[in-house]
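**Q** What follows is each chain in one-letter form.
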Amino acid sequence: MSRIVVDPVTRIEGHLRIEAEVKDGKIVDAFSAGTMVRGLEVILRGRDPRDAWAFAERVCGVCTTVHALASVRSVEDALGIVIPPNAELIRNLMFCAQYMQDHVVHFYHLHALDWVDVVNALKADPVETSKIAQSLSSWPRSSPNYFKELQKRLTGFVASGQLGIFANGYWGHPAYKLPAEVNLIGVAHYLEALEWQKEIVKVHTIFGGKNPHPNYLVGGAPCSLNLDEANAINAERLAYVGKLLDDAAEFIEKVYLPDLLAIAPYYLEWAGIGGGLSNYLAYGDLPTNGYGDVARFKFPRGAVLDRDLSRIHPVDGKDPQGVQEFVSHSWYDYSKGEVGLHPWDGETNLHYSGPTPPYEFLDVDRKYSWLKTPRWKGHAMEVGPLARLLVAYAAGNPEVKDAVNGALGVLKAPPAALFSTLGRTAARGIESQLVARWAKEFYGQLLTNIKNGETRTFTKEKWDPVTWPAEAKGVGLTEAPRGALAHWIVIKDRKIANYQLVVPSTWNASPRDAGGQRSAYEASLIGTPVHDPKLPLEIIRTIHSFDPCLACAVHLYDDRGDLGTVQTSPNV
Amino acid sequence: MQARGVSRRDFVKFCAWMGAMLGLESSAVADVTKALETKRRLPVIWLHFQECTCCSESFIRASHPLVADILLDKISLDYTETLMAASGEQAEAAKQDTMKKYHGEYLLLVEGSVPTGDDGIYCCIGGRTAKQLLEEAAAGAKAIIAWGNCASAGCVQAAKPNPTAATPIHKLVAGKPVINVQGCPPIAEVMAGVVVHLLAFDRIPQLDALGRPKAFYSRRVHDSCYRRPYYDAGLYVESFDDENAKRGYCLYKMGCRGPTTYNSCGIIKWNNGVSYPIQSGHGCIGCSEAGFWDNSPFYQRLAGFPGFGIETTADQIGMAVGAAAVAGAAAHAVLTNIRKRGEIGRHPGEDEEPGDRPDEGKPQA
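If you're matching them up, the sequences are chains G and X in order.
Note that the working numbering has the first sequence beginning at 1, numbered continuously upward.
Note that the working numbering has the second sequence beginning at 1001, numbered continuously upward.
Calculated from the structure, these hints are not laboratory results.
Glycine included, C-beta positions come from ideal geometry on N, C-alpha and C.
Just so you know, not all the hints are guaranteed correct.
[Said to hold, decoys possible] Derived list of chain X stretches under chain G, where covered just means 3 residues or more per stretch with a C-beta under 8 Å from a C-beta of chain G:
hint	segment
1	1122-1129
2	1205-1216
3	1256-1264
4	1278-1286
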């Protein structure tokens, strides 16, 4: 048996370390560790709840916006604020823009190099490449000359000996299966997607002033609608958004999905690898009748257990027995011992007990991560695009069912293929297509509202802290691109008394619980074949299929102000 | 090339061999030769510590130059945890190769702060602390760019009580030029602009007293704000989405930090000039300033800043000018000139910094 260490896992957000035991060419055990912590919940305490979104948004710059959304919802939930319909639509449009950008960047820039051999693309025949590209879609950048010029550029790059971001990649590894021509298409679209992604985020810039980290607002959206004013969201701004949504949908339809469906058939074995857990959780999102009307969310809320798609289990963020966090294998102490705590009642004391750096291995029998271990009613749950689609599928959502069945049909794969590394990656693409479509619906509704004279984007009710109760608790639920995300807030005397986040990568990347039950990453790696233990290609394929986001996942909170061993620096 | 003892003939032969190895058509060999003859791209190492990756995300939003062109033609980004193909040992090996081969020549980019509390165990990569990794990489760097507020000033994790003792790069590195490209994140085109400056002019841009490039951080957002005339005229948003908000009046009373924030948001704007926070209806939160997180609550107006001192003045001016503006533009012009006279003679960002005055830049108590 040999121990493989992958640290840093790159092409993710944040700092993730994987240690895996390999026996007879397969992984028999795996340990996932988050190795960076910042302490944002401690920092949030005592501050104005209306400011929390800005702090919380900085939890992650890759899934920017989602923490701001969860935050403003938690405050609105605590104070009983219902935002105007246009604010909900603007938030939905920002949500959709985030999904499209994030999923495309994940596919091409964070995940594709696990499947696409960049150096092998130099051997492609540009004419043949063009034929294949044109058979896949009507995307115009597909001529033989286009691929020839690209190949020349790439050749010069490789021959320069300075491989930059492609240096020391796993090029030539036998696990790469694509023909050279498909590799060349992959590289072409890697570069095109890099150029494209900077466009769709302009939806955030128009409504929120900047990206990354656009502005949000408790009570609505900060921008105003006024068709007769150059200084507000007017017809020009709206037309800009409309064009961005059209262009994004075109890229997803004509580039992303065709590439996904062209690459997947070469890797169908990965539809039988990396399944891991059999429980899936989604909080749901994209309200069509206000955040309070969960039944009319585009992404439904619920849990699927044991891969039983005939039954949806209801999920309630406020249920004290629902979501709980444990620290048996995390570098924290609980005063009450090995119990699970609902986030409203959470406590945390940072207490590092790992090896002194520099270290070779973590002490995986004891505590080994800055991530806590969340459980839903005791179950380890997978969250993310696959979980969202499975919950929607189980809920009988016809749009989702059609999209999933359509993709499975193209790949000639059974529904069970979804429970895998490949299934996770495919789910992200299928979902992108749905979101691109829904974004246009929301856009149309926004225009209709304005046409009908409805231009409010903010409610002033409860803005003034004088109107707040002495104590209030709230939870803000959303779906980050990577999965179920929630913020819990306790407000006392108009200030934040406790603020807690349980985020997608905490669910997926956390260490095992006291009972030895593995979380999603660790479970998914069991049984994964490893061709060469020195080259972790297969490991990162499965880990990347989750779209890790570690800065989000690692946090701490503390309702008693006891920071344990933490020091503060007087000069910073 | 000659200096390295390789003849042109040998070199072309090498290229042909290389081409054959890569399975290229012979016509492509000429291109390989040309690429190898062009100047080597600047080797760059990008380290990630306590951060949220918003700086990396902002960087890939650059529109001029496009980030693909930067990566393929201008620099050799040999290490970045966000984009590089290799993971684990292979990633570390790529970094070590560059540090060794280009000692003293590579550019070091740092995203994130370094936790110095408890011997640095709050951020470890490859089993080593952020501090160890920074010191190692800084030793052979030609210059260092500290991306964003985290690397420049500690950002959100350094806000009170700074549980991990998050520390900016310039406090940990000595004897190397450190360029603080501020903001949370910095504007994409500003990031690209700083890199282009280094490449095209082969020298560090002029910096302000806080190590920020003057080209992008010498103007207050307030002074370059297109809503400034409303401030001067005393026309303010009183509540989000009120009639004044719908007209795009000044956001000062909504807590805008533009008056104490040095950045190019009002000039370059965001995402290739589309908008910036104030244009989209929200005040500036001051993200390019050190300690801005503790300069909150964000929706509380600043107590005072250069120009018109205390906030009560703003109310009075607001009433007076609001009435005067109805009467005619002359009063507006007079008041604008009064304000401007008060500011002449100061060079923002050079001889005075926000926060130098006891009551300046703090929210109203």
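**Q** Next, verify each hint and record whether it holds.
**A** Hints versus structure:
1. 1122-1129: holds (count 8)
2. 1205-1216: violated (count 0)
3. 1256-1264: Violated, because only 0 residues of the segment 1256-1264 of chain X bring their Cβ atoms closer than 8 Å to Cβ atoms of chain G.
4. 1278-1286: holds (count 6)
Hint compliance for this structure: hints 2 and 3 are broken, all remaining hints hold.
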